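J.: For the record, the sequence lines run as chains A and B. Going by my numbering, the first sequence opens with residue 270, and the numbers climb by one from there. Going by my numbering, the second sequence opens with residue 270, and the numbers climb by one from there.
Calculated directly from the structure, the hints in this document are not laboratory data. Note that the structure is a prediction, hence the values are computed from the model and not measured. Certain hints may be false.
Identical chains blur together in the list; that is why a pair holds if it fits in one copy or across any two.
To be verified - Below, a list of computed lysine-lysine pairs in the DSSO-like style, where the Cα atoms sit at most 30 Å apart:
1) 438 to 320
2) 291 to 406
3) 526 to 284
4) 620 to 605
Number of protein chains: 2
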Amino acid sequence: MEGSASHGLGQWVEKVVERTKKIGRDDPRRIIHAFKVGLALTLVSLFYYFKPLYDGFGVNAMWAVLTVVVVFEFSVGATLGKGFNRMMATLLAGGLGAGAHRLATLTGRSGEPVLIAIFVFIIAAIVTFARFYPAMKARYDYGLLIFILTFSLVSVSGYRDSQVLKMAKERLMTIMVGSCTTILVCVCICPVWIGQDLHNLIADNMEKLGNFLEGFGGEYFQESENDESNNDKSFLQDYRSILTCKNSEETMANLAKWEPCHGRFRFRHPWKQYLKIGSLSRECAYKIEALNCYLNSNTTVQTSNIEMKRRVQESCTKIGKGTGKALKELGSTTRKMRRSRSADLYIISSKTAGEELKVQLRMTKLENADILEMVTVAAVASLLFDVVECTQKVAEAVYDLADLAGFKNTDAAVSPESNLVQVQPGSQHVITISE
Amino acid sequence: MEGSASHGLGQWVEKVVERTKKIGRDDPRRIIHAFKVGLALTLVSLFYYFKPLYDGFGVNAMWAVLTVVVVFEFSVGATLGKGFNRMMATLLAGGLGAGAHRLATLTGRSGEPVLIAIFVFIIAAIVTFARFYPAMKARYDYGLLIFILTFSLVSVSGYRDSQVLKMAKERLMTIMVGSCTTILVCVCICPVWIGQDLHNLIADNMEKLGNFLEGFGGEYFQESENDESNNDKSFLQDYRSILTCKNSEETMANLAKWEPCHGRFRFRHPWKQYLKIGSLSRECAYKIEALNCYLNSNTTVQTSNIEMKRRVQESCTKIGKGTGKALKELGSTTRKMRRSRSADLYIISSKTAGEELKVQLRMTKLENADILEMVTVAAVASLLFDVVECTQKVAEAVYDLADLAGFKNTDAAVSPESNLVQVQPGSQHVITISE
Chain A
270 MEGSASHGLG QWVEKVVERT KKIGRDDPRR IIHAFKVGLA LTLVSLFYYF
320 KPLYDGFGVN AMWAVLTVVV VFEFSVGATL GKGFNRMMAT LLAGGLGAGA
370 HRLATLTGRS GEPVLIAIFV FIIAAIVTFA RFYPAMKARY DYGLLIFILT
420 FSLVSVSGYR DSQVLKMAKE RLMTIMVGSC TTILVCVCIC PVWIGQDLHN
470 LIADNMEKLG NFLEGFGGEY FQESENDESN NDKSFLQDYR SILTCKNSEE
520 TMANLAKWEP CHGRFRFRHP WKQYLKIGSL SRECAYKIEA LNCYLNSNTT
570 VQTSNIEMKR RVQESCTKIG KGTGKALKEL GSTTRKMRRS RSADLYIISS
620 KTAGEELKVQ LRMTKLENAD ILEMVTVAAV ASLLFDVVEC TQKVAEAVYD
670 LADLAGFKNT DAAVSPESNL VQVQPGSQHV ITISE
Chain B
270 MEGSASHGLG QWVEKVVERT KKIGRDDPRR IIHAFKVGLA LTLVSLFYYF
320 KPLYDGFGVN AMWAVLTVVV VFEFSVGATL GKGFNRMMAT LLAGGLGAGA
370 HRLATLTGRS GEPVLIAIFV FIIAAIVTFA RFYPAMKARY DYGLLIFILT
420 FSLVSVSGYR DSQVLKMAKE RLMTIMVGSC TTILVCVCIC PVWIGQDLHN
470 LIADNMEKLG NFLEGFGGEY FQESENDESN NDKSFLQDYR SILTCKNSEE
520 TMANLAKWEP CHGRFRFRHP WKQYLKIGSL SRECAYKIEA LNCYLNSNTT
570 VQTSNIEMKR RVQESCTKIG KGTGKALKEL GSTTRKMRRS RSADLYIISS
620 KTAGEELKVQ LRMTKLENAD ILEMVTVAAV ASLLFDVVEC TQKVAEAVYD
670 LADLAGFKNT DAAVSPESNL VQVQPGSQHV ITISE
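Next up, chain A with everything else stripped away, as it sits in the complex:
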């Protein structure tokens, strides 16, 4: 029995170690974050160890410790948002609480608790309700919570502690010390910018869509049946994360708004435009989800409609490759913060392939074809037409972002003012894009 118990424990420890390694490897910034929290806490606890510091605040120094623990978040944006909310709310509610206490004392010792209780009830109810406003919830939820907290603490403790103003001031000071320590440690040591993360996420998403589309033709028409086993098919599933990341994109954009200018991001970077690109990418991912179904049901129909498939293979693969390359290009220029319309070339080539596909479909002799067997092929073609349209919309949103965020124009061949794309000599196309 003991042996099996220790064996079970051994397995459990092994599992935990394995997971810990994975969590650290997935994002090494997490390990640094853990040490940063430890450091910030150790720093504020100095207020207890050094007598001159402790004499200033006394037991109120614990608010500094408490502040560090609750305000320190993984990203700079979240930490700044919480710190700012906490400081502002403490300032406002502390003042209001002291005022409420002063007003209540005018009614005498017996009337005071009744009046304070009424104040607390009303303020708590109103501010709690205010937390349901979507605009308030998005950016000031924590501040509203701290407002109720501080107002109640200051006005209620006033009944037992006559130095209400002093208490409110000390609470504010210690919370400021705690918040500032947290913010300093968070920003100065390996900062995690949530704006940068959102930027990368949006670029990643476009690249994931691109990878699927680029590989779709080969998979659907099974160009390379022989080396199926040693291929990594993960690119066919990667896009799925885009389907459900709307909420996290919105949260990230809200937090990014708190971040100051960093790297190539300004304070008022157009975060809203990232949400627009994200939502258009999601539209595209829905089409891809539909395409993916035909990929999975591939084996059941591959023998019967193989003739029909061969006919459209070239154009379909071209559309997939074109939109895929366009989306990857858009992802890559966004990631590098470059202004470039090079993706337009790929979109145009997909559109051309789309026209070819339409002609091929029109010219197809149908006398001998089984209509049912071509339904899936037709559905795939129809989805690919939609994907081209989606890609065009994503591209336009990315160009808007480049304008709004002032990405640098490092692409010498493209002049954004005239919307004229000139390709290097040797290439066949000289294309004028009019919008």
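Fit chain B to the supplied structure of chain A, relying on the hints for placement.
T.: Using the frame of chain A, we list chain B on its own:
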């Protein structure tokens, strides 16, 4: 100027009042929640007003006030989760913090702060890292935060306050008083059960999908062109909320696990199965999103392929109506917590219509048809086949839920043991379903 400023203010006030009304009307439980928070806060502040109560805790009574503000959440599940996390973490970390302080005092007055600082640093770093484990984050994130907080407060304040154990005990007691007051008010006055909300959300989602599918045929084939203006078309967009509600379903399921037995929900209600139904409904919503595109591009193709459309109209509409009714039936039986396989009849009729559609497509003469024009019709047909399959999967997941959750068998005509569906006399079908 003054006039326009007061006019602008008037408009702003009007807007706020309008929004307030909307937020209250959308969910009147929010108004009750606001008053509940006010009540709970007023109740714990009694600790300050009554001398016998205050003498027990002193200034530590503020922890009770603080606890009410931060623990009181909208739903019972969230409140219980936070309250439980807070109490357990305070108990464990308080004990550990007192132990750490005792250990540190052994090294003498000068070594103590160094050792305490090292303890705080290590514990804060380890526990902060632990918050990244997905399983911990889902249910114990708040507990881990409070663990760091209490451990730091108790071990660090020990340096200035020799009665560490007394302090840890008082902190625990006041936090328990605050948590219990909050939980009592939250559960006893108009409780908001998040489990019930999740249950309703899942049922709603199935009904939304059903509404779309039921109406799809009529919209796509424009049966009722004349009364287009006075129709409410919102059912065509309602399903969109399902596409992105994965995260909130998961959060709700995690919180619902904290809730005790209530109404017809047991303590260990199979919440995981709700997530399964939710995710299958989402699969179905992705298909519907693809269908919806053809609905929107309807006007551009309606004249050209109208002949092709007329041919498949009846079967397509039947499939839509059948799956729509099946999903609405599944939603409605889930909502009422009934065990019934009545949706199977509709699924079978959709399958039959699907077979008819296949036959019709096979029999279609294509000599004169423009293949391009039938691509969209073929795509719609193909998506409808997929929707039938999806509906079948949703139905199976709902039947599993009925088994797992022990829904009552109120449908006399259906005997679940034999999987035999017998319909009332007068109906044409007596169908045996074998799986």
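J.: Kindly indicate which numbered hints from before are broken by the structure, ordering the numbers from low to high.
T.: Hint check: nothing fails, all pass.
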